[in-house]
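Student: The lines below spell out each chain.
There are 2 protein chains.
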Amino acid sequence: MQKIERWGVLELSRLGKTDGNPFKDYTIKASFRSDREEKSITGFYDGDGVYKIRFMPSYEGVYTYHISGNFAHSIEEPTGSFEVGPADSENHGPVVVEGTHLRYTDGTAYHSIGTTCYAWVFQPLNLQERTLETLRGSAFNKIRFCLFPKFYDYNKKEPLAMPFERGNGEGLDSELVKTNEKDRMLFPGQKIEPYDFGFDYTRPNVELFRLFDKRIAQLREMGIEADLILMHPYDKWGMNQMGREACEQYLNYVVSRYGAYRNVWWSLANEYDFVLAKKPEDWEHYGELIFSIDPYGHMLSVHNGLKTYDFSRPWITHCSLQRTDFYLTTESSDRYLEQYHKPVVWDEICYEGNLEMGWGNITAQEMVRRFWEGAMRGAYCGHGETYLDEVIWWSHGGTLKGESPERLKFLSQILGEVPGIGLNKGEGAFDEVVGYAGGHSGEGMETCYDYSIHYLGVCQPAKRRVILPEDTKYQVDLIDTWNMTVTPLGEMSGFNIIQMPGRQYMAIRICKAGE
Amino acid sequence: MQKIERWGVLELSRLGKTDGNPFKDYTIKASFRSDREEKSITGFYDGDGVYKIRFMPSYEGVYTYHISGNFAHSIEEPTGSFEVGPADSENHGPVVVEGTHLRYTDGTAYHSIGTTCYAWVFQPLNLQERTLETLRGSAFNKIRFCLFPKFYDYNKKEPLAMPFERGNGEGLDSELVKTNEKDRMLFPGQKIEPYDFGFDYTRPNVELFRLFDKRIAQLREMGIEADLILMHPYDKWGMNQMGREACEQYLNYVVSRYGAYRNVWWSLANEYDFVLAKKPEDWEHYGELIFSIDPYGHMLSVHNGLKTYDFSRPWITHCSLQRTDFYLTTESSDRYLEQYHKPVVWDEICYEGNLEMGWGNITAQEMVRRFWEGAMRGAYCGHGETYLDEVIWWSHGGTLKGESPERLKFLSQILGEVPGIGLNKGEGAFDEVVGYAGGHSGEGMETCYDYSIHYLGVCQPAKRRVILPEDTKYQVDLIDTWNMTVTPLGEMSGFNIIQMPGRQYMAIRICKAGE
Numbered sequence: 014m015q016k017i018e019r020w021g022v023l024e025l026s027r028l029g030k031t032d033g034n035p036f037k038d039y040t041i042k043a044s045f046r047s048d049r050e051e052k053s054i055t056g057f058y059d060g061d062g063v064y065k066i067r068f069m070p071s072y073e074g075v076y077t078y079h080i081s082g083n084f085a086h087s088i089e090e091p092t093g094s095f096e097v098g099p100a101d102s103e104n105h106g107p108v109v110v111e112g113t114h115l116r117y118t119d120g121t122a123y124h125s126i127g128t129t130c131y132a133w134v135f136q137p138l139n140l141q142e143r144t145l146e147t148l149r150g151s152a153f154n155k156i157r158f159c160l161f162p163k164f165y166d167y168n169k170k171e172p173l174a175m176p177f178e179r180g181n182g183e184g185l186d187s188e189l190v191k192t193n194e195k196d197r198m199l200f201p202g203q204k205i206e207p208y209d210f211g212f213d214y215t216r217p218n219v220e221l222f223r224l225f226d227k228r229i230a231q232l233r234e235m236g237i238e239a240d241l242i243l244m245h246p247y248d249k250w251g252m253n254q255m256g257r258e259a260c261e262q263y264l265n266y267v268v269s270r271y272g273a274y275r276n277v278w279w280s281l282a283n284e285y286d287f288v289l290a291k292k293p294e295d296w297e298h299y300g301e302l303i304f305s306i307d308p309y310g311h312m313l314s315v316h317n318g319l320k321t322y323d324f325s326r327p328w329i330t331h332c333s334l335q336r337t338d339f340y341l342t343t344e345s346s347d348r349y350l351e352q353y354h355k356p357v358v359w360d361e362i363c364y365e366g367n368l369e370m371g372w373g374n375i376t377a378q379e380m381v382r383r384f385w386e387g388a389m390r391g392a393y394c395g396h397g398e399t400y401l402d403e404v405i406w407w408s409h410g411g412t413l414k415g416e417s418p419e420r421l422k423f424l425s426q427i428l429g430e431v432p433g434i435g436l437n438k439g440e441g442a443f444d445e446v447v448g449y450a451g452g453h454s455g456e457g458m459e460t461c462y463d464y465s466i467h468y469l470g471v472c473q474p475a476k477r478r479v480i481l482p483e484d485t486k487y488q489v490d491l492i493d494t495w496n497m498t499v500t501p502l503g504e505m506s507g508f509n510i511i512q513m514p515g516r517q518y519m520a521i522r523i524c525k526a527g528e
Numbered sequence: 014m015q016k017i018e019r020w021g022v023l024e025l026s027r028l029g030k031t032d033g034n035p036f037k038d039y040t041i042k043a044s045f046r047s048d049r050e051e052k053s054i055t056g057f058y059d060g061d062g063v064y065k066i067r068f069m070p071s072y073e074g075v076y077t078y079h080i081s082g083n084f085a086h087s088i089e090e091p092t093g094s095f096e097v098g099p100a101d102s103e104n105h106g107p108v109v110v111e112g113t114h115l116r117y118t119d120g121t122a123y124h125s126i127g128t129t130c131y132a133w134v135f136q137p138l139n140l141q142e143r144t145l146e147t148l149r150g151s152a153f154n155k156i157r158f159c160l161f162p163k164f165y166d167y168n169k170k171e172p173l174a175m176p177f178e179r180g181n182g183e184g185l186d187s188e189l190v191k192t193n194e195k196d197r198m199l200f201p202g203q204k205i206e207p208y209d210f211g212f213d214y215t216r217p218n219v220e221l222f223r224l225f226d227k228r229i230a231q232l233r234e235m236g237i238e239a240d241l242i243l244m245h246p247y248d249k250w251g252m253n254q255m256g257r258e259a260c261e262q263y264l265n266y267v268v269s270r271y272g273a274y275r276n277v278w279w280s281l282a283n284e285y286d287f288v289l290a291k292k293p294e295d296w297e298h299y300g301e302l303i304f305s306i307d308p309y310g311h312m313l314s315v316h317n318g319l320k321t322y323d324f325s326r327p328w329i330t331h332c333s334l335q336r337t338d339f340y341l342t343t344e345s346s347d348r349y350l351e352q353y354h355k356p357v358v359w360d361e362i363c364y365e366g367n368l369e370m371g372w373g374n375i376t377a378q379e380m381v382r383r384f385w386e387g388a389m390r391g392a393y394c395g396h397g398e399t400y401l402d403e404v405i406w407w408s409h410g411g412t413l414k415g416e417s418p419e420r421l422k423f424l425s426q427i428l429g430e431v432p433g434i435g436l437n438k439g440e441g442a443f444d445e446v447v448g449y450a451g452g453h454s455g456e457g458m459e460t461c462y463d464y465s466i467h468y469l470g471v472c473q474p475a476k477r478r479v480i481l482p483e484d485t486k487y488q489v490d491l492i493d494t495w496n497m498t499v500t501p502l503g504e505m506s507g508f509n510i511i512q513m514p515g516r517q518y519m520a521i522r523i524c525k526a527g528e
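These protein sequence lines map, in sequence, to chains W and F.
Its first residue numbered 14, the first sequence is counted upward by one per residue in the working numbering.
Its first residue numbered 14, the second sequence is counted upward by one per residue in the working numbering.
I should point out that these hints are in silico values taken from the structure, not numbers from a laboratory.
Owing to the predicted nature of the structure, the values given are computational and were not obtained by experimental measurement.
Keep in mind that a hint or two might mislead.
All copies of an identical chain are treated as equivalent in the list; a pair is satisfied when it fits inside any one copy or across any two copies.
Said to hold, decoys possible - With a straight-line cut-off of 25 Å between C-alpha atoms, the simulated DSS-like cross-links for lysine-lysine are: (1) 414 with 476; (2) 170 with 476; (3) 169 with 476; (4) 37 with 65; (5) 249 with 292; (6) 30 with 476; (7) 30 with 320; (8) 422 with 438.
Can you make the complete structure from the sequences, with help from the hints?
Tutor: Structure, rendered in C-alpha cells:
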C-alpha cells in the first residue's frame, strides 16, 4: 500500500479527455475517507491529457479514495487506498491561528520571519536555484511571491513564462507577447481602457504551474511557508484586468493545484487597492470563493497598498499589513491586534536597501528594530531587500547583501527559546516594549509573567533598573539584538541596577530561575 | 544725557524705606514717554533700601520718565530723561511671533536652536562660568532654565541659594534648609499633605535674583534667549506648593525684575501637569496675570509633562511642547501648527545621552534627526544632553560631550541661509519632508516655491529623482546633515536623477538659480 506522511501530499493522476478545453469542460474529483476525516477534493487538468488530484491527509491511518467526474469516459482505477504514517520530525503541519498567534497544527510554535521575492519564479532558472540556496541558510520561514509576473521599475525584463496561453490556439508565442509590450500598468487616477491582451484565461500555462509545484514543494521541504500572491497591480499583460469569470476559474485552478501543500498561504492580492479594475465587491467575492473551495482552510488574507483591508471579514485569517504611516510601522501592531483579534503579520515594513523609493531604502538597523518592535507585541514581520543592482532580492531573489538577515536569524533563535507559542505585549516603562511569554498551546492565551523580554529600541541607557518580586529569583540576561550576543547577568530579585553598554538595540530578558 | 541702545535696559535706582517688608509694603513705578511710545513700569525692591525700575525702550529717541510710589517719603530725582540710540548690530530686539514663525522685532529671522540646563544657576559659580563658555561657542540661541531650584534624580546636592528667605527673620540659614531635606517631591498619585517648609515667600532672596540678573544679561549679550521656567514640580522645598498669594507676588516680582531684558521668555511652568498642588484655574490665573503685567508682551507659554496645555488660550504666544508619544516627536509638528496657528517650539524631544530614563538616552543622530524633522515643518526644537556623569548638561550645565551640538550648528547655518524668516512644510514624496522658504517678513506668510529643502531622514537612497519645471534653472545641493557638508550638484531643470551616497540623514536643497 502506498505510504505517505501526515500532512504530505497524495497525488493521483489519471488520463482523460483532451478534446475541447479540458481546463474548463471536464471535472475530476475524489472523496477521501479515513477513520478520522472525510474530504471531497477537486482536481485539475495538468495538460497532455493528464488530470490530477492532490490530497493532504490531516491524520495518520488508512485512507480510501473514490475518483469521479466526467474527465474520462471510463475512469481507470477509480478507487484505492493508502496509508498515512507519522509526520517527519520537521513536518508540523500547516500553520494555523490560535487567538492572535500563529502556530503549526501539531502545536509547535511558529515564529514567522518572512521575506519577499515577488517575482522569483519568473526569473531565469539558475537564479531561482540561487534563491533557494540563500533561503536554505536563512532564518526565513515564510516567503511572499506572485503567481503572476510583475512589471514595474527594475522588473522590465521578460518573465520566464506567462501564466496563460495565448488565445486562438497560438499558445505561448513569446514573440506575440513582446508585441504587446505596451505599458499597461495602472496607477491611481489612470483611466482603464478596454484592451485585448490576447490571452486565453481559461488555459493556464501548465509548464509554469508545474514550476510553481516544484518551488512550493522545495520551500515546504525547507520549512518555509509559501505566501502565494494571487493577484497584484504591477502588470502590463492584462492580468490585473481579468474579469469575474476568468478570475474564478484561475482561483479554482490554483486552489485545486496547491491546496494540498501544507506550507501554502493565500494572499488574495498584493496592494489590492492599487488594482484599479477590481472593486470592493470583487475582493469580497474572491475571498469568499477561496474560503469556500479550500478544503484545508489555509491562511488567507489581503495585503494593502495605502488602505488596509477590513480584516474582520470572516474569510480572513490574519491581518496582512503594509505600513500606512511613514514613521510608525510595527509600533502600530497593538492597534490592529485590538481591533481585529487576529494575528498581525507585517508583510511590508519597508525594505533594507538604497533604492530611490522610500519603501525600499531603510537601514538594516531599522529593519531589525521594526522586527523586534513587532515581535515584542506578538506580531510577525516580513523582510525584504532592495539594494540597487541588476538582481534585487525583493523581486528577483538571488543572494542577500544586507546586514539584517543574520540579525533576524538571531531574533528567530531568541523567539525559539520563548515558552509557549508567542509573546504578548505587557505593561512596561515608557521607553521599552515588553513581550511576555504567552499563548501556550492547549492552555489558551494566558500570559506568563515568569518570562519577559524588554526591548529598548533606539534608547541607549548606560544602566537600567530591574525591579522584581522580593521572594522569587529571576535569571536576567542582556541581549544585544544588533551584535547578536546574550550576556547572562545572573540571578536577581528585588531592586537591581544593571550596567548597560549605552548602545541602541538592547533587550533585557527576565526568566524565573530554574524554568 | 544718559544714552542706551534701543532694546537695551534703562535702570533707575532710588533709596527708600526699609521698615516692615519692603518687598510687599511699598511700591515704585515710573512712566516713560517718548515721541513713539508711552509705558508705565512697575519696579521692585532689591534689598539694602534700594528700589529699582528697569525699562526697555522699543524705539530710538529721547525719553523722559517720572517716578512715583510710596517707597520713599520723598523721591530723589523723580524725573529725568535719556536718549535711546540705534541697536547694536547684534541686537535685533525681542523675539516675537509672526504667523506661526518666530522672528526678532527688527524683522531678522530667528531660527530657534534651544537647549536646556534646568538648574545651571543653582550650581557652583565656576560651573556656571563654564556653562556660559560652552554656550558662547555653540549654536544655541535659547536656553530653558528654572528660577526655582530642582530636586530630582542627579539633582540632590544643595542648591547654591534659595529663592526666598526663611521666615521669622531667620533669613537664609542654610543649616535650617538642610534640616528639612525630607523628600517632598510630588508625583501623580501622591497625597499632598500640608507642610510648613519655613520660607517667607514674601521675601525673595535678592542675592539669588541678582545672580539671575547677571546671567540673563550675559545670555542677552551672547544673543541667547532666556526661557525662564517660573514653576516646576521637582521640588522638596515647597515651592511647588506655594499658594495663590505667594505665587502672585513672586510673578509680579519676576516680571518687574526681568521684563526689561529683551531676551526673556516666560515659561509659566515646566511639566505643569506634574505640579499636583495647582489646578487648571491656577495656571489660567497665573498665565493671565503675567500677560496683564508684562509691559512688553514677551513670549509666554506652558510646558507639559504628559498632557499638552490648551495653547489656544489668548495669553499664550506659542506651543511649548514636550513629546507625548514615545515614537513620534517633531513629526507631529503639523498637527499642532494646524490646531493652534501659533509657533511650535519643541522644548523637549528627549535628550542625547545614556541615562536609564527613556527621555534621556537617545543618540546624537536621533536628536539631530528630530531637529531637522521639526525645522522642515517650520517648527523649532530644543536640545538637551544627559550623559551619565557628576555634571549633566541637562540640569547642571558645564561642558557638552555629545555629537549633536556641532550638527545643530550646521543646521543653524543652513537655516540662516533660507530667505525669509522660516520654512513652511510643503507637499513632497512620502519619504521626504519638504520645507519651503516662507514667512517673509513684511510680505505676510506666503510660501516661496523657489527655495526648498527636502529632508530624507532615516532613508538611505543611492539615487533620487529631482523633477523641476522645464523652463527654470535651479541650483541643486546635496546636504549631509550628519557629516555637515554641502555638495553643489549644479544647475538643473526638468527631469533629473541625482546620485546619492546611500546614507541616512541627507537633504537636497533646490533654489532658483541666481537667487
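Student: Next step is simple, just say for each hint if it's right about the structure.
Tutor: Here is what the structure says about each hint:
| no. | hint | result |
| --- | --- | --- |
| 1 | 414 with 476 | between (34 Å within a copy, 18 Å between copies) |
| 2 | 170 with 476 | between (53 Å within a copy, 21 Å between copies) |
| 3 | 169 with 476 | between (52 Å within a copy, 19 Å between copies) |
| 4 | 37 with 65 | within (14 Å within a copy, 100 Å between copies) |
| 5 | 249 with 292 | within (19 Å within a copy, 65 Å between copies) |
| 6 | 30 with 476 | neither (75 Å within a copy, 56 Å between copies) |
| 7 | 30 with 320 | neither (46 Å within a copy, 74 Å between copies) |
| 8 | 422 with 438 | within (21 Å within a copy, 40 Å between copies) |
In terms of the numbered hints stated before, the structure departs from hints 6 and 7, listed from lowest to highest.
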